[in-house]
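Chains as they are written, first to last, in the working numbering: chain A, 2 to 314; chain B, 2 to 314; chain C, 2 to 314; chain D, 2 to 314.
The hints are simulated quantities; they were obtained by calculation from the structure and are not laboratory data. There could be a bad hint or two in this list.
Copies of one chain are not kept apart here, so a pair can be met inside one copy or by any two copies together.
[Said to hold, decoys possible] The calculated DSS-like cross-link candidates involving lysine-lysine, where the alpha carbons are at most 27 Å apart (straight line), are:
id : residue 1 : residue 2
1  : Lys300    : Lys272
2  : Lys24     : Lys177
3  : Lys20     : Lys9
4  : Lys303    : Lys272
5  : Lys143    : Lys20
6  : Lys39     : Lys19
7  : Lys285    : Lys143
8  : Lys24     : Lys148
9  : Lys148    : Lys41
10 : Lys20     : Lys177
11 : Lys143    : Lys19
12 : Lys20     : Lys285
13 : Lys24     : Lys39
14 : Lys9      : Lys303
15 : Lys143    : Lys300
16 : Lys39     : Lys303
17 : Lys6      : Lys285
Number of protein chains: 4
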Amino acid sequence: MNNRKIIKALQEAMILGKKEIPKGRVATYIPELAYRDKNKLGICIHTVNSEVYRIGDFNERFTIQSISKVISLCKALELFGPEYVFNYVGMEPSGEAYNSLVELDLNHNRPYNPMINSGAITVAGMLCNEISFDEMIDYTRKVCLDKGIESDRLTLQSEMDNCARNRAIAYLLESKGIMASDVEDSLLLYTQMCSLSVTAKSLASFGMILANDGVNPQNNERLISSDVARTVKTIMLTCGMYDGSGEFAVLTGIPTKSGVSGGLLSVVDMKMGIGVYSPAVDDKGNCIAGRPILGHISKELKIHLFQQQETDL
Amino acid sequence: MNNRKIIKALQEAMILGKKEIPKGRVATYIPELAYRDKNKLGICIHTVNSEVYRIGDFNERFTIQSISKVISLCKALELFGPEYVFNYVGMEPSGEAYNSLVELDLNHNRPYNPMINSGAITVAGMLCNEISFDEMIDYTRKVCLDKGIESDRLTLQSEMDNCARNRAIAYLLESKGIMASDVEDSLLLYTQMCSLSVTAKSLASFGMILANDGVNPQNNERLISSDVARTVKTIMLTCGMYDGSGEFAVLTGIPTKSGVSGGLLSVVDMKMGIGVYSPAVDDKGNCIAGRPILGHISKELKIHLFQQQETDL
Amino acid sequence: MNNRKIIKALQEAMILGKKEIPKGRVATYIPELAYRDKNKLGICIHTVNSEVYRIGDFNERFTIQSISKVISLCKALELFGPEYVFNYVGMEPSGEAYNSLVELDLNHNRPYNPMINSGAITVAGMLCNEISFDEMIDYTRKVCLDKGIESDRLTLQSEMDNCARNRAIAYLLESKGIMASDVEDSLLLYTQMCSLSVTAKSLASFGMILANDGVNPQNNERLISSDVARTVKTIMLTCGMYDGSGEFAVLTGIPTKSGVSGGLLSVVDMKMGIGVYSPAVDDKGNCIAGRPILGHISKELKIHLFQQQETDL
Amino acid sequence: MNNRKIIKALQEAMILGKKEIPKGRVATYIPELAYRDKNKLGICIHTVNSEVYRIGDFNERFTIQSISKVISLCKALELFGPEYVFNYVGMEPSGEAYNSLVELDLNHNRPYNPMINSGAITVAGMLCNEISFDEMIDYTRKVCLDKGIESDRLTLQSEMDNCARNRAIAYLLESKGIMASDVEDSLLLYTQMCSLSVTAKSLASFGMILANDGVNPQNNERLISSDVARTVKTIMLTCGMYDGSGEFAVLTGIPTKSGVSGGLLSVVDMKMGIGVYSPAVDDKGNCIAGRPILGHISKELKIHLFQQQETDL
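Extracted from the complex, chain A is given alone in its bound form (with noise of 0.2 Å):
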């Protein structure tokens, strides 16, 4: 895969992903989500060999919301192992809304997938007992290649003043045993979590070290193991998009995790990291933008999972 063929796609893909902006809305219910530029777009893309292709407005902060639910999953599974894990919170994508309650309380005494918010509360009240959120904020720095992330207070607070649902999913949580630690302890770490301040930079190198195998092709550090870089991707294909996790897999065949502030982590296997923001946001709660970014990608480099290849990278 030369540089010319990605540059050439990614300008591509900021034309069609401009076109679909004016389809989605940014989420309205924090103002500090609220007021973001709708017509922001940057695109990241961080290859395996190294090299960094960016476009747009790839360095302009966001609040990483739900993608922060792929790196506690790994720290989860780094410090407890899967069986633990995995007794807790399935591994089943849902078909249900990502903040479904109903899917929780009716047959099932677990979460679906640690990629929907009970699932992901659940994972948070697993750490709150063994790591703080500093630990994790340094934890975050590590994987993503990028010191500069911290956490959003204003945007924190607001979360914290308007997570009713979350917070009643964690009580359903707990009065069915599976929080591990204190409630409101859980939640905080959860919403903490949401607030840190990421770019498309940032997200893209994190996929790279998750396309790598975990380990920082840099230094060759071993940053995640490769069990856990396995299990995450691919539950990052089977649900990382909520309900419209299956469709987005067939079209991209790309391991994608969506956040409400429109930031998308997207790993290409052995190849590269991409990382996407754009704020305007569909029905399901994903970057709208990114069904024709991360399609277009995907067939011009030619990186669908299921894409037979000609060439290599």
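Once you've looked at the hints, dock chains B, C and D against the given chain A.
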């Protein structure tokens, strides 16, 4: 209806009720309920002619639990009128368990009815801005003709320590914009009301007041308006026994509200109130002796709603 | 209750009903219903003293539709007894729409109640092994005191051509082992019963028979057993208006069953039957004029179930 | 990947699979399945280099059951294109059982995906206007490289005699306007496709064709278009194992489709197809030996989708 007939019906009902007790079990989610004597059984009838019939443990104090939902609904209807109240909570039987979240979350923007937890917490949210718990105790004492009613502090503390599911419901209501007051305040008032200690006698008297159109027959004081009494009796009939309401209505034809501590409040319109205490409950959380007891009394005294009357009281 | 009062109440109810009609719409799923005149309105009262009051289009024939569920339930209870019948179909209001499959499939092995489609098809399955449609027509004519009742063949044909959802329900029942007879035979009998043509007068007379404990007051012939009449009236009260049953019970206090063609069958126990015809229905499939009409009659004649009676009939 | 490694992996997988068999049970809803020998176990690998590895009962014929959903989807996508097909059936994992009606009825106007019964019946409805069952048999023989495939008439008859639930699903689809053809015709074709008799070898060959981009490597004949193969493999990965798809994807990283008769079709992209036959199934209707067998093969041959490759095939 003569004395002898009532006394005989009560005695037979006691025997039938006792037989059923072994099939039930006391609620165990808090120690204050778990340690109750499963074999206690008391029944009291208070007629609108001011006759009182009592048998067994009619004088044993127990926490009123969900029967307080009727009292809170009366007060809310008095304070705010039906239009306001029923804008936030429905009047439909739900076919679901008392503590269901599913029905609330799925398609509906208001709880099905005020006799299930979600509806009663909504009502508590209306009340707690306007009236103190002390005033609610006073009101309860008045309508139950029982000055001995107090809040059972140990039970209250245990309930507050074990109310994760109700808290989940309350925050879900908040997230839907249905809570009129602070969530924690509302939940506290709801739980406080559940902690009031009554006897089968208190419940019989309250039932008698409802049967008598809301008027205390001894002094002709109106305690509940006629419209409110009529509405509350209808809702007790259709929704008072959770997802067992329909069958109970067919069997007994007597509007009844149950509580998980084993109490039953029954209203035989224009005739009498009936109070029952028997802490062994069935899977739906209804006093298990209630069916044979009220079924028998209904049949023997010919007081099913749709009973053809040959004789008058 | 004197004549003048009843006549006045009927006249006022007509006016109130007419006002509501524009808010409803006629059912359109088959042409035979779609082409009905939306503005028709008729009311009939038949008292147990054999007085008949009628106004408007009381004599217009229309297909009985879901009101036939009451007749089939009566017959099934007479033939098989309550234990058998209620082993296969419940007595609980469902909180769901009349044609819901969800409640049936989710957790339950029997339909909620015999007033919704799944329950009524189950009842038809019981009946169709034991009794022919011709015998059911005879029975319907008898309890409605109306020899003019016939099957409307065009409607029947249209219904059979458009019953995919009911057929789905019937096969779902079959798959759960609840259908007592051949699925198609059962579905046919269910649909045939819906095709019987009645008038507001027929329904008033049937209601009067139920109000009079199942006995025809003119010749003292018992048409329905006392137990069956009582059970059916209770189920009409809790389940007769689908997921609007609770509110209707609070408002009117009169057991009522609706049909999608705009009919209403109401029973004022020990006093009268009321029949209404008005083909404009609301979202739940209930005659939209029914609420103001029966609400007004209930209030003016003081016949709410829990109405305190100052005067006697 | 050398021969010895593959053979060793297969032999070990056989042992692991046999250990799991006692925990499963053969499907019993029709005698033709109930009477199968629970202890049969066969595995076949067919590589894109035309090597075939086989072990155990690889040559035993069994009815293909739900694996036919993949074949029908291929054909429908070839005939009608993805836009048409996915207008009527989604691509989302459902989190529900294979034969769920709830998800279909609740909020959604199309089946979640073509790998569950409702979706596959929808696909059959598209096909049966355009193509005969005989032509579908021919197509199946072609893509499975197996001329011995026939319809098992006894199984077909039994299935048709016991398909009340599928018929319910089909009529529910009809009622929602989703069936493109006559309901009974569609249901017949769906059931006929389930009755095709295959072997583990047939499935391995079909999987190899999908792995090889739809092309028969022996004669370079394209049997399935590249786009269709890619789409189908993605959907197999996210939806192929019903509500166990997510966990299976994490464990094995191999797109797989199961059938209730105990077959598994697996595709290792660009490398091989794997067929398994073992009629003991788990609660979700998936071959119970499949997890350890494919888990082991995936691990030993390093063919998890997100496995970091040190060596090449």
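Going down the list of hints, with the structure as the test:
Proximity of Lys300 and Lys272 under a CA criterion of 27 Å is satisfied in both settings, with 15 Å inside one chain copy and 21 Å between copies. In the homo-oligomer, the alpha carbons of Lys24 and Lys177 lie at most 27 Å apart only across protomers (26 Å), although the nearest pairing inside one protomer, at 39 Å, exceeds that limit. In this homomeric assembly, Lys20 and Lys9 come within 27 Å of each other (Cα to Cα) only inside a single copy, at 17 Å, whereas the closest approach across copies is 54 Å. Taking CA atoms no more than 27 Å apart as the test, Lys303 paired with Lys272 passes in both settings, with 11 Å inside one copy and 18 Å between copies.
When the C-alpha separation of Lys143 and Lys20 is checked against a cutoff of 27 Å, the pair qualifies neither within a copy, at 34 Å, nor between copies, at 43 Å. When the C-alpha separation of Lys39 and Lys19 is checked against a cutoff of 27 Å, the pair qualifies only within one copy, where the shortest distance is 10 Å, while the shortest distance between copies is 51 Å. Taking the shortest Cα distances, Lys285 and Lys143 never come within 27 Å of each other, neither inside one copy (30 Å) nor across copies (41 Å). Taking the shortest Cα distances, Lys24 and Lys148 never come within 27 Å of each other, neither inside one copy (34 Å) nor across copies (51 Å).
Proximity of Lys148 to Lys41 under the C-alpha cut-off of 27 Å is restricted to the intra-copy arrangement: shortest distance 23 Å within a copy versus 58 Å between copies. In the homo-oligomer, the alpha carbons of Lys20 and Lys177 never lie at most 27 Å apart, since the shortest distance is 45 Å inside one protomer and 34 Å across protomers. For the identical chains of this complex, Lys143 and Lys19 are neighbours neither inside a copy (31 Å) nor across copies (45 Å), given an alpha-carbon limit of 27 Å. Taking CA atoms no more than 27 Å apart as the test, Lys20 paired with Lys285 passes inside one copy only; the shortest distance there is 19 Å, against 42 Å between copies.
In the homo-oligomer, the alpha carbons of Lys24 and Lys39 lie at most 27 Å apart inside one protomer (11 Å), although the nearest pairing across protomers, at 41 Å, exceeds that limit. Taking the shortest alpha-carbon separations for Lys9 and Lys303, only the intra-copy value of 14 Å comes in at or below 27 Å, while the best inter-copy value is 34 Å. Neither within a single protomer nor between protomers do Lys143 and Lys300 lie at most 27 Å apart by alpha-carbon distance, with minima of 31 Å and 29 Å respectively. Taking identical chains as interchangeable, the C-alpha atoms of Lys39 and Lys303 are never at most 27 Å apart, the minima being 30 Å within one chain and 44 Å between chains.
For a Cα distance limit of 27 Å, the shortest separation of Lys6 from Lys285 qualifies neither inside one copy, at 32 Å, nor across copies, at 45 Å.
Of the numbered hints listed earlier, those contradicted by the structure are 5, 7, 8, 10, 11, 15, 16, 17.
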